[in-house]
Amino acid sequence: MSKLHTVNKSPFEKSSLESCLAHASDGAAVLLFEDGIYGGLRGTAAAETVERALASVKVYVLGEDLKARGFGEDRLLNGISVVDYGGFVDLAAQADAVQAWL
Amino acid sequence: MSATVKKFLYLNRKAPYGTIYAWESLEVVLIGAAFDQDVSLAFVDDGVYQLTKGQETAGIGMKNFSPTYAALGDYEVTKIFVEQESLQERGLSLDDLQHLVWEDEDEDYAEKDSIALVSRAEMAALMDESDVVFSF
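Those sequence lines, one after another, are chains A and B.
For reference, each letter of the first sequence is one residue, going 6 to 107 in the numbering used here.
For reference, each letter of the second sequence is one residue, going -12 to 123 in the numbering used here.
It should be emphasised that the hints constitute simulated quantities derived from the structure, not laboratory data.
Here the structure is a predicted model, which means the values were calculated and not measured.
C-beta atoms are modelled at their ideal positions from N, C-alpha and C, and glycine is treated no differently.
One or more hints might be untrue.
[What the hints assert, rightly or not] Short, incomplete list of chain B residues facing chain A, as computed with Cβ under 7 Å:
1) Val31
2) Asp33
3) Thr39
4) Gln42
5) Glu43
6) Thr44
7) Gly46
8) Lys50
9) Gly78
10) Asp91
11) Arg107
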């Protein structure tokens, strides 16, 4: 059972990312999009939590949302992959289920 | 000029695009600029993300309203306060933000910085000194 978790809220405004990472099983995929992309950036107060999670889950960021907010891929934590909208669809199609963290 | 000039503070605490707050705030500030009041803008918490440079929104199909911040000086909105701690928590520095300026007509249109970096304590004092706080 491999799941795709999606997070679209800023980690500084809501606990969605923290709760998602605390509940995601080993091997799960986590996609950060919309304001969720702030959780993938380096040097933030949330970075340590995400870095710890990267050991057991795969983390993706939606490139279009990253770019819209003024950040390049070079600002992401090591180990995070960038996908486009097509990649988002692929991740959803590959997963057994999608779970949204609002 | 009206008899009583009130100190207005627009408090911005939301990231752009994810919600409508940032854009709405900017609209209200521009409308409010038509009235002669003492206007200050505060960017706190995720609000600091509104000012990042290099925003390109074509990919998400939304209007990129970030260039509008650069026009605030022309509307005599010249006091923009950014909280240092909010930047730090997000791994950001002043270099990640747009360089916003205004022209001082009393000093031969000298270009001056609009953004002032302030501490959380200074931001708290700014809030206390304001007559009206508009929250976004």
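- Query: Which numbered hints turn out to be false for this structure?
  - Reply: Hints 1, 8, 10, 11 are the ones this structure does not satisfy, whereas the remaining hints hold.
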